[in-house]
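Engineer: Taken in order, these protein sequences are the chains called A and B.
By the count of this note's numbering, the first sequence reaches residue 570 at its end, each step adding exactly one.
By the count of this note's numbering, the second sequence reaches residue 570 at its end, each step adding exactly one.
In case anyone wonders, no lab produced these hints; they're calculated from the structure.
Keep in mind that the hints are not guaranteed to be accurate.
[To be verified] The list that follows gives simulated cross-link-like pairs (lysine-lysine, DSSO-like), each with its CA atoms no further than 30 Å apart:
(1) Lys32/A - Lys232/B
(2) Lys80/B - Lys517/A
(3) Lys164/B - Lys184/B
(4) Lys200/A - Lys265/A
(5) Lys336/A - Lys402/B
(6) Lys513/B - Lys107/A
(7) Lys32/B - Lys40/A
(8) Lys80/A - Lys525/B
(9) Lys523/B - Lys9/A
(10) Lys402/A - Lys303/B
(11) Lys80/A - Lys517/B
(12) Lys388/A - Lys40/A
(13) Lys336/B - Lys303/A
(14) Lys388/A - Lys155/B
(15) Lys80/B - Lys525/A
(16) Lys32/A - Lys336/B
(17) Lys162/B - Lys232/B
(18) Lys525/A - Lys513/B
(19) Lys291/B - Lys336/B
(20) Lys32/A - Lys200/A
(21) Lys483/B - Lys513/B
Values in this document were obtained by computation on a predicted structure and should not be read as measured data.
Protein chains: 2
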Amino acid sequence: MSDHKIVVIGGVACGPKAAARIKRLNPKADVTLIEKGEILSYSGCGMPFYISGEVHDHNELMQTPVGVVRDSHFFKVVKDINVYNRTVAEKIDRQNKIVHALKIDTGEKLEFSYDDLVLATGSETVRPPIPGIDLKGVNILSTIEDARKIKERVSKFKGKNAVIIGGGLIGIEVTEAFVKQGMNVTVIEKEDQLLKNLADPEISIHVRRELMRNGVKLAIGQTVKEIKGDDSSEVSAVVTEQETFPADIVLVSIGVKPNVKLAQDCGLEIGITGGIVTDEYLRTTDKNIYAGGDCAENKNRLTNEVIYTPMGSTANKQGRVIGDNICRRNTKFPGVLGTAICKVFDLTIARTGLTEKQCREKDINYVTVLTPSPDKPHFLPDAKLIIIKLIAENPSGKILGCQVTGYGEAAKRLDIVVAAMSHNGTVFDLENYDLAYAPPYSPAMDNIIVAANIAENKITNTGMSCTPAQVKEQIESGKDFIFLDVRSPQEYEMMRIEDERVKLLPLGKLREKINELPKEKEIIAFCKISLRGYEAQRILEGEGFTNVKYMDGGVVCWPYEKYVKA
Amino acid sequence: MSDHKIVVIGGVACGPKAAARIKRLNPKADVTLIEKGEILSYSGCGMPFYISGEVHDHNELMQTPVGVVRDSHFFKVVKDINVYNRTVAEKIDRQNKIVHALKIDTGEKLEFSYDDLVLATGSETVRPPIPGIDLKGVNILSTIEDARKIKERVSKFKGKNAVIIGGGLIGIEVTEAFVKQGMNVTVIEKEDQLLKNLADPEISIHVRRELMRNGVKLAIGQTVKEIKGDDSSEVSAVVTEQETFPADIVLVSIGVKPNVKLAQDCGLEIGITGGIVTDEYLRTTDKNIYAGGDCAENKNRLTNEVIYTPMGSTANKQGRVIGDNICRRNTKFPGVLGTAICKVFDLTIARTGLTEKQCREKDINYVTVLTPSPDKPHFLPDAKLIIIKLIAENPSGKILGCQVTGYGEAAKRLDIVVAAMSHNGTVFDLENYDLAYAPPYSPAMDNIIVAANIAENKITNTGMSCTPAQVKEQIESGKDFIFLDVRSPQEYEMMRIEDERVKLLPLGKLREKINELPKEKEIIAFCKISLRGYEAQRILEGEGFTNVKYMDGGVVCWPYEKYVKA
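Extracted from the complex, chain A is given alone in its bound form (with noise of 0.2 Å):
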């Protein structure tokens, strides 16, 4: 009756969707899914809103859109595929295509042959050799039932002390969920910044400061040593070099790592990262396996290196790719550009491609961009500030990286720069996209287009800037210069960096009082958000000043210390 046999090994998101669409391109093709779990098809990027109680039953987490529940009947009859829950693969064959596994239930051993194999096995979260971490209480948050587990120990505990191991992206979405519950919250970091694989100092600070505003207790550059219990067990606290923290529930998070046992036992390559080897066609070594998904590396679209990023958005694009390949369509996929995005609170931190650290790394010539503004015209009451980054290599013009941060509509514009670096585009292409404007939905020059603007100034050497972290350290060093804030008195009664370099002169006397500044000396010009700044420093060339430069994103992206009005 068939004349095509597929076995897919893990059912959450790449598996599903694999063997789903090799059933739509042939209807005839005989395909078995095997799981190890429960629980199929379900969205394990949706656990923290079922934690936080945004999602009032875990079984929506694993409904279609339309409130049908994917388990192993709903497979059967509606995409004919075969479906074995609670069972492990436990071995592959591949001399003679065949799968052994096992029944969880009833032990039973089972045998599945097959023409063409796809390995969708996931990551497992990296659960460090800390003392104590097998107490009650401490929980990683990898599965459905743990996610239930969590959710009913802070129901448990509400009001009391939870600890946070690893201010990653799942550490920070279940932060905010345990304090939707009513937990006091402490983050442990033992890296000097929160999102530190996310985004550069300056950006991931307003995650620090989102969090702090919640309420949540941070403990950033601290290592945990200990996991305390008391008598019968249960976590008691979370001990640090510094510190000690009481603990009622405890979340370990500081990563996760490909599933690749399988892949590895039957001699499939393991790339450098960890993750499972495949070509652009999502083939493993062997021509008859393939794999996607968090159990497999990626291909960096922009650099050509491997990377490892697991993203339930990548494992899904790759179950189809996977299901097109199997059935003979020749689709390539891409590869990734590193793109991540994460609420916290009321903030939303993202990028993509590279970070100006992984830039520097590489010893590429770039010109970063750092740009503050209203998401939309200043004027409309529910206007709110986002924090661009850009970063472009110099002097082609060629989209690197982007980030995006502030409590304002972020994904857009970052999603805008996963498009344009798609195409190898430069900030040249950016800046005359003719994206949808009116004043509910941007400014008329856009965030993004002011910051492709700014990035072209830099990259023409008709903006000169420095970063903030340049001028902390040329004040650091004692370096003399003038740092001249050309905002207005009100302004500077507000909010100001106190140092004895600061000089105020308002933009509109510049011109008027240009001699009260010395030619000879380093200017550099700042206002709030950096606009004025690089008027200033325009102006000061015109006049013959030789020696100036604005500071990007003026007062607001100041990431250090600041006199704040209270």
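Given the coordinates of chain A, assemble chain B onto it according to the supplied hints.
Structural biologist: Same frame as chain A, now just chain B:
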């Protein structure tokens, strides 16, 4: 002192932008800006939001984001630009390179010589020769003065009747503003749909519904014959061939036309659209005269045709490009895509590129996708529906246009397509964009990626579909076919298309009851949003049915009468 004399005519968007850019690139340039109105550099697009009350003070429309008013003094002391407001440019003497102008308040004649001249004379609102158009209370919305007059009258007639003549972008925005000010509003549109230039009927129908939901009365397909007044020449009613609408205030917004008199009088070429002809450097047929913003015509970067699409966003971008070119930077303006967006109460409607109607008129071989789905995972309580219509060339996959509407995040998806189209992107490219994914921002497979997937299915003949309009036509022609609703009985109870051809057979029962369906008859399957409809099509084809399609967008996108449970 100066090496380069530039005169800019027009002080709203393109003009001030060009002037400021020139001064930044060349601080020694001698720049003069002539504006006939009192006010400079204001957000004309913000006026409806001033009328609605969202912007409290019209001065906010003229301020920089940090609250500085952009008046003549500001332009002089900050930007060193000589501003002549309330000054009308009357004649351009191209031979001697002189602009002759008149100071309105004093009657003084002025002459400005130039090396380069910028025409940014904007557009004017069309005033059709309707009897009664000069009555008191009949307004156009072109200047801030107009906006103030309208707002004053609205305050006076709160709770009374307003009539909007013209259901285009501005008409719709002001409709919302009037409703927010407590008026009873009627919109009269002579075409058979609102926003006809913006979107295809199955998209713009949602605007019609949203207006009605907000108590707006619609008179679609009606032409105004006369505006009636009372004894003191105050407007009292608007009369169409069918009806008479009482009116205490009327807004006439049937369109704008480029302001080209100056250009025409001095012999510059005017195009078939009525706008000033420019080359890709935005130079007119005189190499020392540039034109941009609403007075100039544009190139559609997709089709290379000339179009007239006045937009504040374009005006600003063009001002910058003109500034570059006057400073010898040789910057090209690549053209526009005809992007537009409008907020209608809680609904967004937006489009870029070509509509289906335009594709049909151009005899392009295309596929269209109509896909409704929540803008983030359905399990999040704030997920809201958006409907995407994506149009791609067949079989190249090149994206030709996109329309998005709905209560959810529509602008982001549209702008992603704008970016794609700016690079001649295809749906095959779009399918694998590494867009930012986390549940608060999008489903794992973003709506726009799903739309690209569906387009690919159609191009590869995997998904065979027809539009609601095609089905409606078949029904009306009395054609026999099975209109297969594959939803659950519960869903059918809530909402359904009522026709004798409709047969309910839930997807989960389809394989089991497949023999109930005749193989020789045409079958058009559908569900709520068309995912299960597509699945049904593939299942039936797998079982040897040869004449099966699904209907785009499912019952959600059925724009005709349907049963909805109260």
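Engineer: Would you pick out the hints that fail for this structure and give their numbers low to high?
Structural biologist: Hint check: 1, 7, 12, 13, 16, 18, 20 fail, others pass.
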